[in-house]
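Participant: Chain residues, written in single-letter form:
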Amino acid sequence: MAINPIYHQTNDKLQQELVWIEETKKNPERFEPLYRKYHEQIFRYIYQRMDDKELAFDLTSQVFLKAIKNIEKYEYRGVPFASWLYRIAKSELYQSFRDNKSRRTVNLETFHLNDLVEEFEEKDDAEFKKQILLDSIGEMSEEDIQMLEMRFFEKRSFKEIGEILDITENNAKVKSYRIVEKLRKIYNKKENNYIGHGKI
Amino acid sequence: MEKFNVNLDRPKVSSEEIKAKQNFDQVLKNYHVTPKSFFQKGWFWGTVGLATVAAVTVFTFTSINSNEEKEAKEKPLTANNSSELPADTPCIKPPKEGDVQQYQIFKIDPKQENKLNTSSGSVITIPANSFSDENGQLITEEIEIQIREFYDKEDVFLSGIPMHYDSSGTKYSLETAGMIEIRGFHQGNQLSKSENAMEIQLRTINSDEDFNLYALNENANRWDYIQPLKGDQINEESLEKPEVYEQKSKVLNQKIQETKAEIVTIDKTKPLEPRKLDESKYSFNINANKTQFPELAQLRNVIFEVGDENKGFTDEVYNKTWEDLKLQKHGDKYQVVLIKGEHKEKYIVYPALKGADYEKAKSDFDSKFSVYEKKKSEKVKELNDFEKEYEINKKKWEMAVAYSKQMDFKHNQNNNKIQNTSGIKISKTNEEVIRVFNTESFGVFNCDRKVKYPAGDKVLARFSREDGSPIRNLFNVNLITDKKNSLFAYSSSELNEFRFNPNHENRIWMIDEKGEIYACGNDEFQKIDKKSGEHTFVMKKIPKFNSVAEFKEMTRSYAIES
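Each protein sequence line maps, in turn, to chains A and B. Using my numbering, you'd call the opening residue of the first sequence number 812 and step up by one each time. Using my numbering, you'd call the opening residue of the second sequence number 2 and step up by one each time.
Treat the hints as calculated values from the structure; they're not laboratory data. Keep in mind the model is a prediction, meaning the values are calculated, not measured. One thing to keep in mind: the hints can contain errors.
Okay, derived cross-link-like pairs now, SDA-like style, lysine to any residue, Cα gap no bigger than 25 angstroms in a straight line [said to hold, decoys possible]: (1) A:984 x B:553; (2) B:291 x B:256; (3) A:877 x B:116; (4) B:277 x B:334; (5) A:901 x B:190; (6) B:553 x B:31; (7) A:837 x B:31; (8) B:327 x B:345; (9) B:116 x A:997; (10) A:941 x B:13.
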């Protein structure tokens, strides 16, 4: 499992963030180091979930604007500032889907699919099975897709997922294991339908 | 149906491109041009001291004594805007007598599936083995589920559940069609989640299609949008007795089984796609029995080509003398069995044609296959329709059971909506629909739509009791109109922008810091000084009440009397 270096920070770095945050409360211009540090991370989080690149950049700016405006409300809970930014990003993202009446996107790469196939312990990696898997992912619930993305595509730790989704680390762990089972159920049903309806 | 666009291997955006788009100056510029409420601005407390005094004074009653005035200047009114509340203020803060809204209690065995029928006709389905303790161990002991539902303004007001919703910097209120609060407890400890999704069939009272599902984020004191929430159109027809649906279910189930059998029969008529003989491969000339292999009957001069899977096949086979030959079919494949005494050799073969025989067979196949395909797709569609109807029927049966069980409650609460007890009649003018969603979380879920705050006349509002004393330290001020099933909450910093539609019947309900409820009716709005736009609303204190019904009666009579 890959490690997200931004999330796993030393205590010194966390303390430095706190200093920037406190300074921002007095002077918004002091937010710049935090903006530089997290801009790419937040953009990637947003763009991963939508198709419009320019809109993703706009939303990223909006996230940081909201963060500065609400910096007074930020409470340090021993985790990186990024978790708070992710929550704002999530909120902005879904607001944008509603405003633009657009559909949420799930972006993944072939090796993500291979990882999932391995989780399924499927030896047969025929192309049509991958297509069924893609279709199955498209049918998952929003809550499940978030977990799938964060754990399997973005390779986040359970601790970080817990912080972003506001659930315990243990709960994140349990849920992530169950996601595979849920996906497998949808997959099996779909596979049976395909066979039953003579699509293969 | 897919809920998402799924992309595979989309080109990546480089770090350089992302970095090139960084523009902190623009973010800062936007920050400076985004208006903050005057209440939050530095100058409000600093440079324009006199303005502060004036602004604060408009929230206080003009007759307050000098001590109160001093206090008012130092400590402005507090109200229910989340951003102005102390951090430890609970998200849900009902008035003192809000506990008249009783929870319905269900004790369940978590090892099995539970269907909870609420008194108002909603159904909550909790799958078996859905709860784990903090260590991830499955809970097998009794679980207590507590449920409350809220349908009108009075319900919502007494619940203390906030209804404001901020979207892109604009403040909205949520108009509810039905709201449900579900809590789970194990040995007195509150559970936050169910490991398996619970299905909520929520009875809602407005069939418009623009309602969405929102979940109350009690930590962040805000509503989170979840999904659109379409209703099952039960308002378009009468809901029958449960037995009717049980009978229909049997009929549909039989139709499903019959249709499945028909599909199997159709599959047997699937025409065989002719194979063009590969003359470089080994083959057999066999006069196949047309009765035994009807699918081959239409083909002329069939030759059986030896399949590549017969790795050991050589022309030695042809040089031997065989006593018998059998042709068998296994699934889609044919097998030739060559027999000499006890010795048998088996080879996979494929019927194939060559030249004009192949061309003719291919042309026949194309036309026959399209007929077969059409027949099958029609049957599959028929099967899907039956299965869909079966599911809808099943849901209606569940609703009918729930409604049947709650006839008494509905008679008491909505006796104008129930026609008789022989069936459960829902008239066409009734807006009730059942909306279904799944959740793994406990908490408060609301079927709402956003509504804009009234943008009509503006009033500079102050509030006093009937004895003339000012009501200060307001926790919650709500404008109620007859046109929306919603509360428009105002904070103290917004009272100088307090707007209402003069063409509506307006009311105000408020809660002070002690949790006392005050109300006034539309006549107070008639008294607003149109020139100055100022008004001191004279509020009546709502006396102690013992039920939601009593509260409704009081506020409705106040609306007329006051």
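Participant: Could you run down the list of hints and mark each one as holding or not?
Facilitator: Status of each hint after checking the structure:
1. A:984 x B:553: violated (47 angstroms)
2. B:291 x B:256: violated (34 angstroms)
3. A:877 x B:116: violated (43 angstroms)
4. B:277 x B:334: Status holds; Cα separation ~16 angstroms.
5. A:901 x B:190: Roughly 30 angstroms between the alpha carbons, so the hint for residue 901 of chain A and residue 190 of chain B is violated.
6. B:553 x B:31: Outside the cut-off at roughly 46 angstroms; violated.
7. A:837 x B:31: holds (17 angstroms)
8. B:327 x B:345: holds (10 angstroms)
9. B:116 x A:997: Holds. Residue 116 of chain B to residue 997 of chain A sits at ~24 angstroms (cutoff 25 angstroms).
10. A:941 x B:13: Holds, because 21 angstroms separates the two Cα atoms, which is no more than 25 angstroms.
When the structure is compared with the earlier hints, violations turn up for hints 1, 2, 3, 5 and 6 and for no others.
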